[in-house]
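S.K.: Here are the chains, one letter per residue:
There are 2 protein chains.
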Amino acid sequence: MQLDERSKKVLKAVILSYIKTALPIGSRSITERFDFGVGSATIRNIMSDLEEGGFLTHPHTSAGRIPTEKGYRFYVDTLFEEEAFLNNKNSIMMEAEQLVQREDASLLLQDTSRLLSDLTHYMAVVTAPKIATAHIRHIEFIRLRANCIMAITVSEAGFVQNKFFDLAKDISQKSLNDISDYLNNFYQGMTLQGIREKLMTQMEKIEDLYDHLQTEAFELTKYAVGDMMEGESGELYTDGATHIFDLPDFSDRKIMKGLLEAVKEKQSVIQLLDKYIGSKGVQVFIGSENRFLGNHGFSLVVSQYKRGDRVLGALGVIGPTRMDYSKVIPLVDSAAKQVSRLLEDLS
Amino acid sequence: MQLDERSKKVLKAVILSYIKTALPIGSRSITERFDFGVGSATIRNIMSDLEEGGFLTHPHTSAGRIPTEKGYRFYVDTLFEEEAFLNNKNSIMMEAEQLVQREDASLLLQDTSRLLSDLTHYMAVVTAPKIATAHIRHIEFIRLRANCIMAITVSEAGFVQNKFFDLAKDISQKSLNDISDYLNNFYQGMTLQGIREKLMTQMEKIEDLYDHLQTEAFELTKYAVGDMMEGESGELYTDGATHIFDLPDFSDRKIMKGLLEAVKEKQSVIQLLDKYIGSKGVQVFIGSENRFLGNHGFSLVVSQYKRGDRVLGALGVIGPTRMDYSKVIPLVDSAAKQVSRLLEDLS
DNA sequence: CTTTAGCACTCACTTCTGTAGAGTGCCAGC
DNA sequence: GCTGGCACTCTACAGAAGTGAGTGCTAAAG
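Going down the list, the sequences are from chains A and B.
181 is the number of the first residue of the first sequence in the numbering used here; add one for each residue after it.
181 is the number of the first residue of the second sequence in the numbering used here; add one for each residue after it.
Hint data in this document are derived by calculation from the structure and do not stem from the laboratory.
Keep in mind it's a predicted model, so treat the numbers as computed, not measured.
Please note that the accuracy of each hint is not assured.
[To be verified] So the derived list for chain A, only partly shown, Cβ under 7 Å to chain B, looks like this: (1) E283; (2) E320; (3) I322; (4) C328; (5) V340; (6) N342; (7) E441.
The C-beta atom is built at its ideal place from N, Cα and C for all residues, glycine as well.
Could you put together the complete structure from these sequences and hints?
M.R.: This is the structure in structure tokens:
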């Protein structure tokens with residue numbers, strides 16, 4: 181279905197109004213609040229056409245119109261082409277520059293989620309990279325007590341993870357230090373998977389002459405790496421969940437509760453974000469376009485951040501479907517870029 | 181003011197009813213639902229007396245009575261003396277035994293908060309010990325990049341903390357390992373404060389012959405310890421915040437939002453719990469007895485957990501003032517004991 | 001053919017009113 | 001001291017009526 185210029189303008193007017201007030205708007209109010217130079221009856225006809233095209237609905241016969249998801253989708257898609265929208269980016273990029281370097285990358289992600297939620301007044305979510313796929317800068321083992329050790333891994337991007345293991349065999353701290361040194365010297369910058377594979381081929385090659393250290397390092401690493409790689413689905417940083425209380429959209433407690441619980445459980449949100457982690461640039465998911473967001477009136481604006489060519493995680497904003505995309509989209513975009521930039525700087 | 185047996189029974193009846201239904205109850209309903217063997221008019225007179233004594237109120241002239249904070253206080257205080265209440269503990273102690281050993285003590289606290297909130301359907305909060313006062317089992321330094329290191333401390337109780345430092349001088353990983361070894365060998369089991377002091381006197385004593393290692397260890401530790409001790413207010417583990425959605429008590433969004441935000445900020449909740457960390461056994465704070473809980477209808481049941489004689493943190497339940505104290509109090513009590521027991525076992 | 005004004009109609013929201021129900025307070029009698 | 005009875009109070013609920021914003025349709029004007 182093709183829309184002429186005027187229809188687009190009317191659609192946009194309805195959406196803008198609904199973004200602001202969350203109230204249905206009628207033809208009369210449109211002629212009053214926006215200057216189209218035509219009467220309300222004309223607007224009425226246009227709105228009727230838009231409804232037929234699936235861009236608008238009305239909740240009941242005598243109510244004003246509200247946008248459908250298709251309407252939002254159209255709005256968002258055309259938004260990307262508009263100049264005014266691109267100009268908007270500049271001022272918002274300034275905001276993203278509030279994000280500054282942190283020793284610990286997870287603090288940076290925390291900052292990011294706070295910034296996003298503060299600026300949008302919606303909920304922000306940021307996933308941290310999975311340790312399984314990270315490139316390791318440093319690995320360290322600490323003996324906590326007999327048969328129990330802790331592994332600390334620091335990724336190149338600056339993410340730290342602690343992990344606990346029960347071992348069949350007790351290993352002294354001294355040996356652990358040696359193993360750590362060995363790994364750090366010869367396997368730095370590789371992924372856990374890579375380390376494991378290299379250790380394995382190493383073992384096969386020099387089967388009879390490998391020294392004691394390598395065997396232990398291998399055993400430990402095999403175990404530790406295996407454990408680290410499975411299950412762990414990375415971390416989720418979130419902020420601004422309570423903003424949903426301020427939205428008139430969600431009067432239903434169940435929906436609010438559902439969202440908060442989903443975010444608390446983290447699992448489903450991480451899956452949601454990671455699913456689209458491959459796609460380039462900012463992605464917008466409107467309402468039921470995504471199963472997780474369901475039919476509860478939520479939308480998601482998400483982008484990925486990276487280090488070099490490597491995508492590390494995703495960050496985004498979850499808000500009501502009637503959120504102000506023209507502000508949120510460039511914000512998410514520049515936040516993602518700023519995070520990438522900052523992670524890059526960590527040498 | 182003294183209450184006779186019958187008045188106490190009526191008060192208890194009102195409270196039990198209100199705990200269940202959150203609805204005001206009148207004299208007639210009491211005679212129907214409880215068997216006092218007297219007419220409603222008599223109950224009416226008793227209730228009138230109780231109101232005069234400040235144990236009950238009614239929201240408006242022709243509504244039933246509801247307990248005041250003083251009423252709850254009286255109820256809770258007498259509860260501690262009752263046999264039936266103590267018997268209740270046995271079944272609830274079983275629940276607390278669901279808590280099992282975890283390599284990482286913070287996981288245990290996480291489990292605890294989940295258990296408490298699951299069993300009570302209220303919100304659970306658990307504070308972790310401050311690293312500043314913890315006895316250190318192991319300390320490790322990792323060089324992240326030039327002039328930036330990470331310190332990992334493991335306390336005797338099994339709590340791990342990572343901390344980042346920027347240093348004026350760059351130290352090699354090798355030196356850091358030596359320093360770690362040195363500290364772990366000679367200062368294990370002390371608090372950060374203790375380590376610092378001992379290092380200081382050590383330096384003074386053997387001023388001219390201390391070796392290179394000790395100087396570096398001292399410098400680093402002085403810096404690291406100082407940084408670790410200040411500001412850091414420990415961690416807060418929380419669960420079940422969304423349960424407040426299910427309570428009919430809080431129809432006001434602002435109150436819900438306020439509570440969730442307070443818990444998210446953690447600071448004030450930690451202060452609240454730590455304030456009463458010294459007091460022995462279970463403590464109950466009803467409504468405005470505590471500033472944080474304010475006049476929003478919340479109460480707090482809290483107890484401390486320890487390792488040996490040393491109090492490490494506090495755990496508790498935040499619920500509506502009309503919460504079921506006879507279940508929550510013994511639960512918090514036995515959870516605290518179970519956590520203490522499990523932390524003890526960690527050798 | 002497009003646009004417009006006018007008109008009848010619809011539906012949610014608000015206000016008002018009456019009633020039922022639960023509760024209180026008080027009093028006289030047991 | 002306890003109780004039944006009675007008048008009174010206040011909420012919650014339901015129906016009635018009015019209001020306002022909006023729609024769809026139609027006929028006339030541009």
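S.K.: Now, for every hint given, state plainly whether the structure supports it.
M.R.: Hint check results:
no.: 1; hint: E283; in the structure: holds (3 Å)
no.: 2; hint: E320; in the structure: holds (6 Å)
no.: 3; hint: I322; in the structure: holds (6 Å)
no.: 4; hint: C328; in the structure: holds (6 Å)
no.: 5; hint: V340; in the structure: holds (6 Å)
no.: 6; hint: N342; in the structure: holds (6 Å)
no.: 7; hint: E441; in the structure: holds (5 Å)
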